[in-house]
Every structure is written in structure tokens, then in C-alpha cells.
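Asks: In case you want the letters, here they are:
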Amino acid sequence: MGLPLMEPRSAEDSSLVQETLAGSQASFQLLVERYQDRLFALVRHYTKDPALIEDIVQETFLKAFRRLESFQHESSFYTWIYRIAVNTVLDVMKRRGRSPVTAVEDPELATGPAAVDARVMAPDARLQREEIARITHAVLSELPEIFRTVLVMREFEEMAYQDIADMLGISIGTVESRLFRARARFKEKLLQRHPEFGEGA
Amino acid sequence: MTMGHIDCSDARPLVPSYLDGELSEAQAGPLRRHLLDCQACRAGAQSGKNLKRWFAATEPVAVPRDFAARVARLAFEGGTVAAPVLSDFELVPAAPPPRPIRGADEAKILKFVLRLTVAAALVALLASVAIQSLRRPNTAELRADDRPTMSLDQAVERLKQINEQAATTPVSAPTDRKP
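Protein chains in written order, with our numbering: chain A, 1 to 201; chain E, 1001 to 1179.
Possibly wrong hints are sitting among the right ones.
[What the hints assert, rightly or not] Derived DEER-like restraints, expressed as beta-carbon distance ranges: (1) A:E33 to E:E1077: 29 to 39 Å; (2) A:A125 to E:R1033: 27 to 37 Å; (3) E:K1052 to A:E33: 26 to 36 Å; (4) A:E130 to E:L1019: 52 to 62 Å.
Because the hints were derived from the structure by calculation, they are not lab data.
Heads up, the beta-carbon is just placed ideally off N, CA and C, and yes, glycines get one too.
Kindly generate the complete structure, drawing on both the sequences and the hints.
Replies: Pasting the structure below:
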């Protein structure tokens, strides 16, 4: 599983890593060019501030560079750097006063059992893709970090439960329950903002 | 749960994992059959699919044109040089670097001034110690009796001398004894 993390060009990545370690700045630049779009998109799920996104992605690549010798070639380069990126994002969010991992579960959720059963419509076909993304990001930004993180990993990055569990250091059962709560909360917030997307609305 | 047949209470918790592609075929098969038969569970599964559609699109993020070149350069210039941390809302101009000491002359002057200060401090310290010891009262000054002491014998001797002086000195005062 973990389809999007498996890269057909991992052999090329390995050579680029070797060349970088041998001192080739150009090879490292190629590696950055290869993954910068995906990392910018990943970090975009956590903040919409372009300067902060750039800062976090840059820090991710610099961390990767400093630890390049520890890169194990049995995992893909993207899997490896993705992990660094997620940790960097979560660190930054923590420093900014949010606590993504420490907040175990959100007590607020207890107030909305109806949200679990709430049903939402698919986005209107007339909506532009950008408009859908804008709404989704606005709703995501209202969620506690632990919920946002599993939703990003599962829905945008399409990671397998096992990969999410490994990345966050939690059990698969916790991944499942957290995803369940995250989706319920997402539906609740979406319908608060846009009641027109409720089923039967 | 009988083999190959599940009811709603078995089916509903499986739906999210099913939609995420996390079920084995042994679990997915019976669920699929249940969904064909059960309109309520099918509606629930459809809602889950609808929700996923909200995550199909991402907002495009513009990567700065020179980003990769800049990051590679930073990495090779030392790797620890991170970009200035940017605030949420504005680009903060980088703080000016601390003014360097211009040239070797300024460094020499600074050194000289420092040495001079140390020397002056030492002189002042020595002077204060010296003044202190000069002004220190000696033991004689600190005596409680301010007269020179003499032994009892000396005192008696001195008293005799005084008496003799008195005896030999002619007394000017009139006396009632006539020789």
C-alpha cells in the first residue's frame, strides 16, 4: 500500500543522492526540483501563508541534506523526505501554540454526535476545482491538528493506514478512530459553513 | 456473523475502511453484498464517497522560480543557513548585521584602552591599600592611659625628689617661726 509514496524513479533518486553526497550541488538541485511541488502542496494543507510554506519546505530540504547519509535506500526518497516534512510542519505548528500531537482527542466532539450521521453531498459539479479546494482548506483550518493531519495523510496523500500509523507512532486502531472522528468533524464544520451541501437541503 | 452474510451492525463500522481500500477481499466481499441488499447502508457508504470528493482538488501553490537553486546553494554553503523566519503576514526585512570592527587599527585601539583600564584599576587598588596602612593607628596610640607609666619604685623616687625640692626651695611666704 502507500501507493503515492512509491516512486518509479527511485533508482534515479538514489543516484542523485549518491552524487549529492559526492559533492554535486547540481544533483541536489535536481532532487529539490523533483519534489518541491509535492512538498509545497503538502505544507499548503497546514497554512495558506506563502512565505511560511516556502520557509517550511526549504527547512525540510536543508534538514534532508544534513541527514542525507542516513537515507536508507530501501525506502523511497519521497517517503523519507515526506516524513521530514511532516515532522517539520508539526514542529512549526507546535511552536505557534497549537498542539497537533499532544491533544489526544477533542472533547468538543462529544457535543456533536449528530455530525457522525450527518450526510454531505459531493461538491457541486458547477464548482471550479479551485473553489472546492478553497472551501475544503477553510474547513480543514478549523480542525484540531490531529484531525487535520490524518485527513491530509489519508485523503490528499492517500497513505495507507499502516503508513499513517508508522509516521505518527500510533496504532492502526487509533488511525481508524481518529479518521472517523476527523471526518465527522469535517462534515460538521462543512455544513456549518455551507448548509446547502447537506443532504436533503 | 454467518459466513458470507453480515447485518447492518457488522457492516457500518467496516464502511470507512472499505472506502479507504483497507479491507481484505474476505472482508470486502460480504460487505459489498450487504450494500447491494441494504438501502440504508448503501446511502451511508455513498455519503462517505461524497465526502472524499471534497478532497479531490487542491489549491495550486506557486513554487518560486529560483527555489531549487537557492535551496541547493544554501545547503552547500553550510547547510545550517536557514532562511529568515518569516512572520505570518509580512516579510520582515533581515536585521542589519552587527557593525564589524573596521580594520586592525580599531582593534589595536580597543586593546590598548582595555589594557589601560586594567592598569589604572591596579594602581588605584594598590594606592588604596597603601593609604589604608599609612593611616592605620599604632598600638601606642591606642593605649587607654594617656600618661607614661612608671613603676611603684619610680613613683616613690619621684615623690622624694619633689619633696626635697620643696625643702630646699626658700619659701617666700612669711612664717611665724623666727630664727
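Asks: Against this structure, judge whether each hint is valid.
Replies: For each hint, the structure was consulted:
no.: 1; hint: A:E33 to E:E1077: 29 to 39 Å; in the structure: violated (18 Å)
no.: 2; hint: A:A125 to E:R1033: 27 to 37 Å; in the structure: holds (31 Å)
no.: 3; hint: E:K1052 to A:E33: 26 to 36 Å; in the structure: holds (31 Å)
no.: 4; hint: A:E130 to E:L1019: 52 to 62 Å; in the structure: violated (25 Å)
Violated hints, listed in ascending order, are 1, 4; each of the other numbered hints is respected by the structure.
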